[in-house]
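J.: Taken in order, these protein sequences are the chains called A and B. Quick note on numbering: the first sequence equals residues 61 to 475 in the working numbering. Quick note on numbering: the second sequence equals residues 61 to 475 in the working numbering.
Hints were generated in silico from the structure; no laboratory data involved. Owing to the predicted nature of the structure, the values given are computational and were not obtained by experimental measurement. Mixed in with the good hints, there may be bad ones.
Unchecked claim - SDA-like, lysine to any residue: derived pairs with alpha carbons at most 25 Å apart:
| # | chain 1 | residue 1 | chain 2 | residue 2 |
| --- | --- | --- | --- | --- |
| 1 | A | 223 | A | 301 |
| 2 | B | 170 | B | 186 |
| 3 | B | 72 | A | 416 |
| 4 | A | 251 | B | 212 |
Stated by the list, open to error - Over 12 Å on every C-beta distance to chain A, these chain B residues come out as not near it, computed from the model:
| # | residue |
| --- | --- |
| 5 | 160 |
| 6 | 462 |
| 7 | 463 |
Unchecked claim - Covered stretches of chain A, going by a simulated chain B footprint (3 or more residues, C-beta under 8 Å):
| # | region |
| --- | --- |
| 8 | 159-168 |
| 9 | 293-303 |
| 10 | 323-330 |
| 11 | 353-364 |
| 12 | 429-438 |
All C-beta atoms, glycine included, are put in the ideal place defined by N, C-alpha and C.
There are 2 protein chains.
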Amino acid sequence: MEYLEQIGIRAKEAESRLRILGTEEKNRALRKAAEYLVKEQNRLLAANGKDMEAARGKGMPQGLLDRLALNEERIRGMAEGLLEVAGADDPVGEVIQMKKRPNGLLIGQKRVPLGVVGIIYEARPNVTADAFGLCFKAGNAVILKGGSDALSSNEAIVALLQKALADCGLPETAVQLIASTDRQLTARFMKMNRYVDVLIPRGGAGLIRSVVEGSTVPVIETGTGNCHIYVDASADLDMAVEILFNAKTQRIGVCNACESLVVHEAVADAFLPMAAARLAEKKVELRGDAEAMAAEGSILPASEEDWGTEYLDYILSVKTVRNIDEAIAHINCYNTGHSEAIITRDYANAQRFLDEIDAAAVYVNASTRFTDGGEFGFGAEIGISTQKLHARGPMGLKELTTAKYIIYGNGQVRR
Amino acid sequence: MEYLEQIGIRAKEAESRLRILGTEEKNRALRKAAEYLVKEQNRLLAANGKDMEAARGKGMPQGLLDRLALNEERIRGMAEGLLEVAGADDPVGEVIQMKKRPNGLLIGQKRVPLGVVGIIYEARPNVTADAFGLCFKAGNAVILKGGSDALSSNEAIVALLQKALADCGLPETAVQLIASTDRQLTARFMKMNRYVDVLIPRGGAGLIRSVVEGSTVPVIETGTGNCHIYVDASADLDMAVEILFNAKTQRIGVCNACESLVVHEAVADAFLPMAAARLAEKKVELRGDAEAMAAEGSILPASEEDWGTEYLDYILSVKTVRNIDEAIAHINCYNTGHSEAIITRDYANAQRFLDEIDAAAVYVNASTRFTDGGEFGFGAEIGISTQKLHARGPMGLKELTTAKYIIYGNGQVRR
Numbered sequence: 061m062e063y064l065e066q067i068g069i070r071a072k073e074a075e076s077r078l079r080i081l082g083t084e085e086k087n088r089a090l091r092k093a094a095e096y097l098v099k100e101q102n103r104l105l106a107a108n109g110k111d112m113e114a115a116r117g118k119g120m121p122q123g124l125l126d127r128l129a130l131n132e133e134r135i136r137g138m139a140e141g142l143l144e145v146a147g148a149d150d151p152v153g154e155v156i157q158m159k160k161r162p163n164g165l166l167i168g169q170k171r172v173p174l175g176v177v178g179i180i181y182e183a184r185p186n187v188t189a190d191a192f193g194l195c196f197k198a199g200n201a202v203i204l205k206g207g208s209d210a211l212s213s214n215e216a217i218v219a220l221l222q223k224a225l226a227d228c229g230l231p232e233t234a235v236q237l238i239a240s241t242d243r244q245l246t247a248r249f250m251k252m253n254r255y256v257d258v259l260i261p262r263g264g265a266g267l268i269r270s271v272v273e274g275s276t277v278p279v280i281e282t283g284t285g286n287c288h289i290y291v292d293a294s295a296d297l298d299m300a301v302e303i304l305f306n307a308k309t310q311r312i313g314v315c316n317a318c319e320s321l322v323v324h325e326a327v328a329d330a331f332l333p334m335a336a337a338r339l340a341e342k343k344v345e346l347r348g349d350a351e352a353m354a355a356e357g358s359i360l361p362a363s364e365e366d367w368g369t370e371y372l373d374y375i376l377s378v379k380t381v382r383n384i385d386e387a388i389a390h391i392n393c394y395n396t397g398h399s400e401a402i403i404t405r406d407y408a409n410a411q412r413f414l415d416e417i418d419a420a421a422v423y424v425n426a427s428t429r430f431t432d433g434g435e436f437g438f439g440a441e442i443g444i445s446t447q448k449l450h451a452r453g454p455m456g457l458k459e460l461t462t463a464k465y466i467i468y469g470n471g472q473v474r475r
Numbered sequence: 061m062e063y064l065e066q067i068g069i070r071a072k073e074a075e076s077r078l079r080i081l082g083t084e085e086k087n088r089a090l091r092k093a094a095e096y097l098v099k100e101q102n103r104l105l106a107a108n109g110k111d112m113e114a115a116r117g118k119g120m121p122q123g124l125l126d127r128l129a130l131n132e133e134r135i136r137g138m139a140e141g142l143l144e145v146a147g148a149d150d151p152v153g154e155v156i157q158m159k160k161r162p163n164g165l166l167i168g169q170k171r172v173p174l175g176v177v178g179i180i181y182e183a184r185p186n187v188t189a190d191a192f193g194l195c196f197k198a199g200n201a202v203i204l205k206g207g208s209d210a211l212s213s214n215e216a217i218v219a220l221l222q223k224a225l226a227d228c229g230l231p232e233t234a235v236q237l238i239a240s241t242d243r244q245l246t247a248r249f250m251k252m253n254r255y256v257d258v259l260i261p262r263g264g265a266g267l268i269r270s271v272v273e274g275s276t277v278p279v280i281e282t283g284t285g286n287c288h289i290y291v292d293a294s295a296d297l298d299m300a301v302e303i304l305f306n307a308k309t310q311r312i313g314v315c316n317a318c319e320s321l322v323v324h325e326a327v328a329d330a331f332l333p334m335a336a337a338r339l340a341e342k343k344v345e346l347r348g349d350a351e352a353m354a355a356e357g358s359i360l361p362a363s364e365e366d367w368g369t370e371y372l373d374y375i376l377s378v379k380t381v382r383n384i385d386e387a388i389a390h391i392n393c394y395n396t397g398h399s400e401a402i403i404t405r406d407y408a409n410a411q412r413f414l415d416e417i418d419a420a421a422v423y424v425n426a427s428t429r430f431t432d433g434g435e436f437g438f439g440a441e442i443g444i445s446t447q448k449l450h451a452r453g454p455m456g457l458k459e460l461t462t463a464k465y466i467i468y469g470n471g472q473v474r475r
């Protein structure tokens, strides 16, 4: 415990300093860090080379090797990410609201850093710089636990971030790495309520589940997206085809990609052949129920499991429904609380879908792919929250803060 | 697991109905429930009589018996609580913000119910009606697990609440009670992530700790308050005495009562005798450091433990400091994130205290006793959150909701 305890204590020390840091001080450190990443990229590439070699040695699959790899372009991307965060508005210090009470007390809410944020993630070294940048700009100390296979890369990156902080006269412990491959340590990290205010897991469903189940520190769940597009009876079918094509194929391995098509039976015969033809351009496999198969010959049979599957692949499930009630019930049963869309020309159905679908982002006549910090207009994001507490949907800088009540009095006592 | 699973499934069924309930429908059910509580109070008193008899039989201490007891006045209080909630603004449906993006998408955030709320509390039957009222008005289904010693009372109360719901054509399972004294069941309840969106423990430090440690469902920690008042060198000492007296003695067993006085050494000699004389009216015992004892003869020696103790009693710890830095460091070390106050005439020190103290509510020149939903102007509260995620400070109806993004498009796809 001693090693983790020391990390916790140092994070707390940094926290009290970071809480009152000016925006320009933070931006200077972020720019300095970006500079070091590029200037010292050979160190990073060398460290990453060690990780890559070890990973290849133990037969890591190509997809994971891709995520682990650093190259000049990726390092430039990390640096640009830090510069982008430096350019973003500082959320800290904003007074969200303030009202005068009848007794003269002026009661307001002010945005302040969360404190110490823990990030648990997979072997993707670029997350190291991204997570630091966002947490730091929001005034938080951050403790990182990255995937073991990226340990050398992460150590090299964190060393440069700390060097930048030190150069700017700021506490290096604003960012710390748990430099260990011991799983027991991670388990204990998840119970450090005394030192860590929130844990944010970033990665696949398995990682997220293990953090939710193993943690006593509050967790913000980010993650999986089994996103649906419902094509209503009144839909503009051409629009529906283009939105579906975009949401399914524009980028395949992301959480806001469409995984399931729900279609009103009245338009199934007309729509499914159109959709199948367009999706065939990207060789998307369709798996549907009997009605869908009857409407379009290329559709394969779907199993119950398909309705709940986030494929992250060129596969789409197709469910036909008799009315919007069935569509809403189906989606609320199988969705993962991420992004859901209706394509319709019917005012009442649009409003019902917006009201009744339980998800972080509910769309009318647009692609689910827009659920993204940048697309929503608040810059880089630390993840997409699919749970309901604190933050729901894309989490930007604001979601890495909390608020405290500030009260100005002149001697008030309670009667 | 079957029993809990059924409760979970029924809560989820109620949830989808409650999500779209109109304000007037909710208010009607709340008023009907208030009516039944009063009209059928004999049933409640009889059920409570059974609990009281059993509790006396096993030697429950008087303080706990007091909390367990129902009488006509308390039942009227419960009914009035429900009527008050019926009269409060409905938080659901408010669109918090909406902006048009350059691509024409209209992206907004709409306040919606959390879903299913679990409340774990002690043997205080009045919490049963209060918690239902707040959760229900915010559109949530609620699952209650009250202290075993109040089981008969809680069953009787929940039966009346369900009767009121049924009378209004609403799902009775909007409120359910885990009618068991099996601790294993409570442990499993805390891991029902599939059915429960948030757990709110209400009670003493032990209960809250056990929920935080045992739960995989997100928890909102409410609770303990080791609240400080710092009397600065420039303080109006008369004002400081009155605020301290109010915060310490106006009500003794509450979480926003003052437990510790921090005083600048420059005014210790003048202030401590004044404070001691006023607090003597209520026989408050003072425990201080050596400097405090030198300034006021009646002060007893404090131990290290005193700095971290929430007495909930006529006891106050007294710490002297050399400057505001020491005051802030001491308070940030020992406070529980609840309510902290500075008494000062110094502008810079007031601002520094507001900026640097890490707590849910930070006061200048006012009593910590104001940290309360009613005093803050948002009506009844479900508790005071001392953690930083989702809600911090008094939690009213708004804090029992979440927001979802709603997006109006006209065919947008992502490039």
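J.: Determine for every hint whether it applies to the structure shown.
T.: Evaluated hints:
1. This hinted pair does not check out: residue 223 of chain A and residue 301 of chain A have alpha carbons roughly 51 Å apart, beyond 25 Å.
2. Our distance criterion of 25 Å between C-alpha atoms is broken by residue 170 of chain B and residue 186 of chain B, whose separation comes to about 32 Å.
3. Annotation: proposed proximity of residue 72 of chain B to residue 416 of chain A holds, straight-line Cα distance about 13 Å (limit 25 Å).
4. Restraint check for residue 251 of chain A and residue 212 of chain B: the C-alpha separation of about 36 Å exceeds 25 Å, so the hint is violated.
5. For residue 160 of chain B, the non-interface assignment is contradicted: its Cβ lies about 10 Å from the closest Cβ of chain A, within the 12 Å cut-off.
6. Distance check on residue 462 of chain B: its Cβ comes as close as 4 Å (rounded) to a Cβ of chain A, failing to clear the 12 Å threshold; non-interface status is violated.
7. A Cβ of chain A approaches the Cβ of residue 463 of chain B within 12 Å, the least distance being about 6 Å, so the stated non-interface status is violated.
8. Counting residues of the region 159-168 of chain A whose beta carbon lies closer than 8 Å to any beta carbon of chain B gives 4, which meets the minimum of three for the stated coverage.
9. Closer than 8 Å: that is the beta-carbon criterion, and the region 293-303 of chain A has 4 residues meeting it against chain B, so the requirement of 3 holds.
10. With 0 residues carrying a beta carbon less than 8 Å from a beta carbon of chain B, the region 323-330 of chain A misses the three-residue requirement, and the given coverage is violated.
11. Remark: the region 353-364 of chain A is not confirmed as covered by chain B, as 0 of its residues place a Cβ nearer than 8 Å to a Cβ of that chain, below the required three.
12. With 6 residues having a beta carbon nearer than 8 Å to a beta carbon of chain B, the region 429-438 of chain A meets the requirement of three or more and the stated coverage holds.
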